[in-house]
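Number of protein chains: 2
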Amino acid sequence: MRLCVLGAGAVGSAVVELAAEHGHVVTAFADSESAVVDADGIDADAVLAKKQEDGVVGEADPEAVFDADYDVLVEATPTTLGDAEPGFSHVERALADDRDVVLANKGPVAERYADVRALEAESEGTVRFGATVGGALPILSTIEDVGPSRVSAVYGVLNGTANFVLSRMAAEGLDYEHVLAEAQDLGVAEADPTFDVDGTDTALKGVIVANVLSEGETEFTLDDADVEGIQELSGSMLDLAQEDGQTIRLIVEVADGAVRVGPRLVPGHGAVAPSGTENAVQIEADYCGRLGITGQGAGGPETASAVLTDVERLAD
Amino acid sequence: MRLCVLGAGAVGSAVVELAAEHGHVVTAFADSESAVVDADGIDADAVLAKKQEDGVVGEADPEAVFDADYDVLVEATPTTLGDAEPGFSHVERALADDRDVVLANKGPVAERYADVRALEAESEGTVRFGATVGGALPILSTIEDVGPSRVSAVYGVLNGTANFVLSRMAAEGLDYEHVLAEAQDLGVAEADPTFDVDGTDTALKGVIVANVLSEGETEFTLDDADVEGIQELSGSMLDLAQEDGQTIRLIVEVADGAVRVGPRLVPGHGAVAPSGTENAVQIEADYCGRLGITGQGAGGPETASAVLTDVERLAD
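So the protein sequences, as listed, match chains A and B. Under UniProt numbering, the letters of the first sequence match residues 1 to 316, in that order. Under UniProt numbering, the letters of the second sequence match residues 1 to 316, in that order.
Hint data in this document are derived by calculation from the structure and do not stem from the laboratory. Idealized CB from N, CA, C, for every residue including glycine. You may find that some hints are simply not true.
Stated by the list, open to error - Calculated from the model, a selection of chain A residues having no Cβ within reach of chain B, i.e. all distances over 12 Å: (1) H22; (2) V25; (3) A114; (4) D115; (5) A271; (6) P301.
To be verified - Here are a few chain A residues that face chain B, going by a calculated C-beta distance under 10 Å: (7) G9; (8) A10; (9) L18; (10) A20; (11) G268; (12) I293.
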């Protein structure tokens with residue numbers, strides 16, 4: 001497939017780097033300020049080196065990518081809330097041209113799911129977004145395979161940064177501020193970790209799951225989620241939990257038409273108490289029982305891998 | 001899709017029971033001695049009741065099913081070793097008639113993988129077998145999505161009966177014979193649990209995974225697996241493991257072109273130490289890291305659910 005990749009952060013860059021190995025060609029690639037277009041396929045190494053050195057991917061205007069020859073738009077620009085722009089407009093333009101879309105950007109399917117589905121219904125193109133929930137973890141694909149109507153609940157840990165902080169607080173008996181600084185030093189937490197620790201990132205993923213489960217009956221956005229973060233937790237609360245064989249994790253629960261996110265007491269070695277930056281999700285479905293899925297839910301190559309799985313499913 | 005279901009054990013019966021809910025019609029259903037065929041769809045409740053009361057599913061000859069109108073043959077007869085008959089011949093006949101095949105029976109893809117693929121190559125039909133490894137656990141589908149060539153190792157627990165026995169031995173300090181008798185009383189172990197406890201069942205699943213990973217380069221059969229069972233383990237060995245925070249599980253490891261099955265020391269609360277009858281598998285893949293999948297890997301409804309997922313993928 002010929003890919004048009006929007007966004008030159010960790011995920012977009014990794015898609016460009018790994019596309020050829022998966023048998024695909026990147027014909028257009030843009031960051032917010034520049035673009036490179038080549039119908040024969042861009043030179044991934046050269047372009048990624050240029051991005052590192054000059055801060056831009058090419059000399060063309062970002063608008064140029066929409067006129068390129070491509071089959072699938074890979075939307076990997078940063079997630080934005082509310083109107084989900086500019087990601088939403090990118091999706092809109094690709095679908096208007098009857099192209100397929102693969103999202104790494106959570107915004108369009110978390111904040112404007114019904115709009116995306118409406119545009120898709122009028123297009124020859126299809127939208128896939130497996131990478132938006134847990135990166136390479138096969139969460140949405142498993143829900144798709146089992147059948148959304150048979151899934152009664154999805155819950156667990158979907159943010160590696162928050163999980164790292166809680167794991168370290170529990171292991172070392174340190175306070176939140178202390179561990180967060182350490183996480184930032186290690187590159188596990190971003191300079192502004194707000195969305196990771198206040199539950200927003202987790203909630204967006206829960207909202208996407210809720211939209212999939214509802215199959216168009218009800219639309220969920222971030223406003224519909226009940227969200228609490230981990231900023232107020234103290235090391236002593238984790239100590240107390242541990243005395244009882246338990247621990248605290250930032251848990252999202254999607255069930256009964258509701259999305260709830262917050263710190264929860266969970267069994268210390270249980271299915272939703274991963275350590276470090278791991279994610280761990282349980283899917284409860286009729287006939288299947290409880291399916292557990294764990295792994296690194298974020299990261300450039302991991303998420304790019306999920307994007308390329310979606311591209312592959314479109315190719316089939 | 002119109003299904004022809006062979007085998008009236010727990011899985012075949014559950015497929016017949018759940019097909020309608022998944023939007024499919026069973027037009028033929030056979031056990032080893034009888035069959036029922038109805039182009040408009042058999043009456044599932046009546047047929048399953050008849051099986052319970054009279055021990056047969058209908059009055060027709062089992063051969064009659066191959067003349068029925070159907071799109072997908074669901075092969076759910078018992079797994080057999082060596083020539084994998086009669087399952088293999090059922091697959092052969094369906095493919096010769098250009099029908100699709102979904103296997104719950106491990107035999108054909110564990111013992112005669114190359115033959116199955118060769119027949120498939122000459123047919124309009126496609127063979128799927130997601131249910132053969134871990135029932136409803138999305139193991140083969142995840143390998144398919146990630147791409148077999150990018151998977152470097154698959155390992156973990158794939159037999160719930162052996163895992164139940166080891167879990168109980170560890171928890172109660174009891175010996176193998178004692179716990180096995182208990183498992184049989186509970187219906188967790190069959191009257192003849194040989195294939196579960198001697199590692200054969202686990203190895204067959206490992207062989208299927210190895211066949212998928214090798215993508216036709218090397219064919220694996222049970223003879224290629226290095227297999228050791230759990231019959232010789234004593235309660236005191238488990239006690240010893242526990243002193244060290246470890247436990248013993250019957251682990252299959254598929255890596256570097258080899259399939260190995262045997263009791264292994266693993267971390268007591270680790271990713272491949274599920275409790276009770278659960279399965280737990282880790283898939284190591286380039287870019288994705290280590291993906292963990294847990295759940296009930298056997299059972300009629302669970303496995304039937306996996307069969308119907310495969311049917312759904314064929315319908316797509």
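Status of each hint after checking the structure:
Distance check on A:H22: its Cβ comes as close as 7 Å (rounded) to a Cβ of chain B, failing to clear the 12 Å threshold; non-interface status is violated. Every beta carbon of chain B lies more than 12 Å from that of A:V25, the smallest distance being close to 17 Å; the non-interface claim holds. Every CB of chain B is more than 12 Å from the CB of A:A114 (nearest about 23 Å), matching its label as outside the interface. The Cβ of A:D115 lies farther than 12 Å from every Cβ of chain B, with a closest approach of about 25 Å, so its non-interface assignment holds.
The claim that A:A271 lies off the interface is violated: its Cβ sits roughly 7 Å from the closest Cβ of chain B, which falls inside the 12 Å cut-off. A:P301, annotated as away from the interface, has a beta carbon of chain B within 12 Å; the closest lies near 4 Å. For A:G9, the suggested interface contact is broken, since its CB lies about 16 Å from the closest CB of chain B, more than 10 Å. Taking 10 Å as the C-beta cut-off, the interface hint given for A:A10 is violated, the closest approach to chain B being about 12 Å.
Evaluation of the A:L18 hint against chain B yields a held restraint, the C-beta minimum of about 7 Å falling below 10 Å. Here the hint on A:A20 is broken, as its CB sits about 14 Å from the closest CB of chain B, past 10 Å. Of the supplied interface hints, the one on A:G268 holds, with its beta-carbon coming within about 8 Å of a beta-carbon of chain B, less than 10 Å. At about 6 Å, the closest approach between the beta carbon of A:I293 and any beta carbon in chain B falls short of 10 Å, and the interface hint on this residue holds.
Hints 1, 5, 6, 7, 8, 10 from the list above are not met by this structure, while the remaining hints are.
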